[in-house]
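K.L.:
Following the hints, put chain B in place on chain A, whose structure we already have.
As they're listed, the protein sequences go chains A and B.
For the first sequence, the working numbering gives the first residue as 599, with consecutive numbering after it.
For the second sequence, the working numbering gives the first residue as 599, with consecutive numbering after it.
The set of hints was computed from the structure by calculation and includes no laboratory data.
Quantities reported herein were computed from a predicted structural model and do not represent experimental measurements.
A virtual CB, placed ideally from N, CA and C, is assigned to each residue, including glycine.
Among the hints, erroneous ones may be present.
[Claimed, not checked] Covered stretches of chain B (in silico footprint by chain A; criterion: 3 or more residues with CB under 8 Å from a CB of chain A, positions within the stretch not fixed): (1) 611-617; (2) 728-742; (3) 757-765.
[As the list claims (entries may be wrong)] No more than 25 Å apart at the CA atoms, straight line, and that leaves these computed lysine-lysine pairs for BS3-like: (4) B:705 <-> B:688; (5) A:757 <-> B:705; (6) B:749 <-> A:749; (7) B:688 <-> A:762; (8) A:705 <-> A:688; (9) A:757 <-> A:618.
[What the hints assert, rightly or not] So the derived list for chain B, only partly shown, Cβ under 8 Å to chain A, looks like this: (10) 624; (11) 625; (12) 627; (13) 679; (14) 681; (15) 685; (16) 747; (17) 750; (18) 754; (19) 769; (20) 771; (21) 777.
Number of protein chains: 2
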Amino acid sequence: MSATNQVYIATSLDGYIADKNGGIDWLNMIPNPDNLDLGFHDFTSKMDALVMGRTTFETVCGFDIEWPYQIPVFVLSNSLKEVPAKYKGKVEIVNGDLNKIVEDLNKRGYLNLYIDGGRTIQSFLERDLIDDLIITTIPCLLGEGIPLFSKLSQRLDFKCVESKIFLNALVQNHFVRTR
Amino acid sequence: MSATNQVYIATSLDGYIADKNGGIDWLNMIPNPDNLDLGFHDFTSKMDALVMGRTTFETVCGFDIEWPYQIPVFVLSNSLKEVPAKYKGKVEIVNGDLNKIVEDLNKRGYLNLYIDGGRTIQSFLERDLIDDLIITTIPCLLGEGIPLFSKLSQRLDFKCVESKIFLNALVQNHFVRTR
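Okay, chain A solo, but in the shape it has when bound (with noise of 0.2 Å):
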């Protein structure tokens, strides 16, 4: 049984998952008026479970919607303490070295896990713990911003394995990692 750590997100083509204040608006600058999911479904539908910071679980947490996430959500977080009381049962929060936990999330089951999370997905990629990066690209330069990557103690390669065109616009790359 293979195990893999997978990332799914959109960037502006210049690298930024947030504007300079956070703001992510221009994720929907182009059009979308079917509500296409770009592969969203399929994606989560393979993966066992969610690991995320806190950050993104609070961003998240603040959407005035339903919980989006149909599998299990590990939150990173060494702060929290206890899963606020409407997330019980959904949410459970993990801790300690970034290793151990995909290890122990493993031997429970979840083989593939979708890593969610500026930071969390830095981390990740700083220990060399992604196999998969499908990275959506919206096209436009915004010149600052919060970007996903991010310093590395050692090069990491991949390849391309699939690329695909949405809505005349935004393009779907999914790499993987070499090693």
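P.N.:
Same frame as chain A, now just chain B:
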């Protein structure tokens, strides 16, 4: 007659055109036994002239190869006063306001301009003078380096019109400015 300014360049997955030491050996990380040119000849055959910065010019001059361009080259420089003898007839120095330079070249019949060099591309983008970005993503994360893009005083919107995978590993996305 419509004039365009086009970029054709390769970057790492994290958006760098050179590593932190200026190195570009990672550009060749994917074996290319048949020397596929990834559409470069097709691209330049549609261009009337190449505009590059002095740094790029000096880098190309330093390669131990035949002069690689079939089209006239204009080097943006305030410090270079004269073209080295061996490049006379192939290279011309231009300087001053970018909009004026483009206008002058267009008047001379050079309508489709290939814009090359990191700082030159950034200067053209800052003035919203780029119409096409053809970006070949070399699928590695360098972690640090010389970025293709920089700060902008306004957001610039594009759309992705074509995406191609080469050598089962690289992806080339063609973005067109939407105004």
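K.L.:
Is the straight-line distance between the alpha-carbon of residue 757 (chain A) and that of residue 618 (chain A) 25 Å or less?
P.N.:
Given pair residue 757 (chain A), residue 618 (chain A) is violated - Cα atoms ~30 Å apart, limit 25 Å.
K.L.:
Going by Cβ atoms only, is residue 754 (chain B) closer than 8 Å to chain A?
P.N.:
This hint holds: residue 754 (chain B) lies near chain A, its Cβ roughly 4 Å from the closest one there, short of 8 Å.
K.L.:
For the segment 611-617 of chain B, count the residues whose Cβ lies under 8 Å from any Cβ of chain A; is that count three or more?
P.N.:
Holds: 3 residues of the segment 611-617 of chain B have a Cβ under 8 Å from chain A.
K.L.:
Does residue 747 (chain B) meet its interface restraint, that is, does its C-beta lie within less than 8 Å of any C-beta in chain A?
P.N.:
Given a least distance of 4 Å, the restraint on residue 747 (chain B) holds.
K.L.:
Residue 705 (chain A) and residue 688 (chain A): Cα distance at most 25 Å?
P.N.:
holds, 19 Å
K.L.:
If you take the shortest Cβ to Cβ gap from residue 777 (chain B) to chain A, is it below 8 Å?
P.N.:
Nearest chain A Cβ about 13 Å off; hint violated.
K.L.:
For the restraint on residue 624 (chain B), tell me whether the closest CB of chain A is nearer than 8 Å.
P.N.:
For residue 624 (chain B), the interface hint holds, since the closest Cβ of chain A sits about 7 Å away, which is under 8 Å.
K.L.:
Given the hinted pair residue 757 (chain A) and residue 705 (chain B), is their alpha-carbon gap at most 25 Å?
P.N.:
violated, 43 Å
K.L.:
With a cut-off of 8 Å on the beta carbons, see whether residue 769 (chain B) makes it to chain A.
P.N.:
holds, 4 Å
K.L.:
Between residue 688 (chain B) and residue 762 (chain A), does the CA-CA distance stay at or below 25 Å?
P.N.:
violated, 40 Å
K.L.:
Confirm or reject the coverage of the segment 728-742 of chain B by chain A under the rule of 3 or more residues with a beta carbon closer than 8 Å to the chain's beta carbons.
P.N.:
With 8 residues in contact (Cβ-Cβ under 8 Å with chain A), the coverage given for the segment 728-742 of chain B holds.
K.L.:
If you look at each residue in the segment 757-765 of chain B, do at least three have a Cβ nearer than 8 Å to any Cβ of chain A?
P.N.:
The restraint on the segment 757-765 of chain B holds, since 7 of its residues have a Cβ under 8 Å from chain A and three suffice.
Checked against the numbered hints given earlier, the structure breaks hints 5, 7, 9, 11, 13, 14, 15 and 21 and satisfies all the rest.
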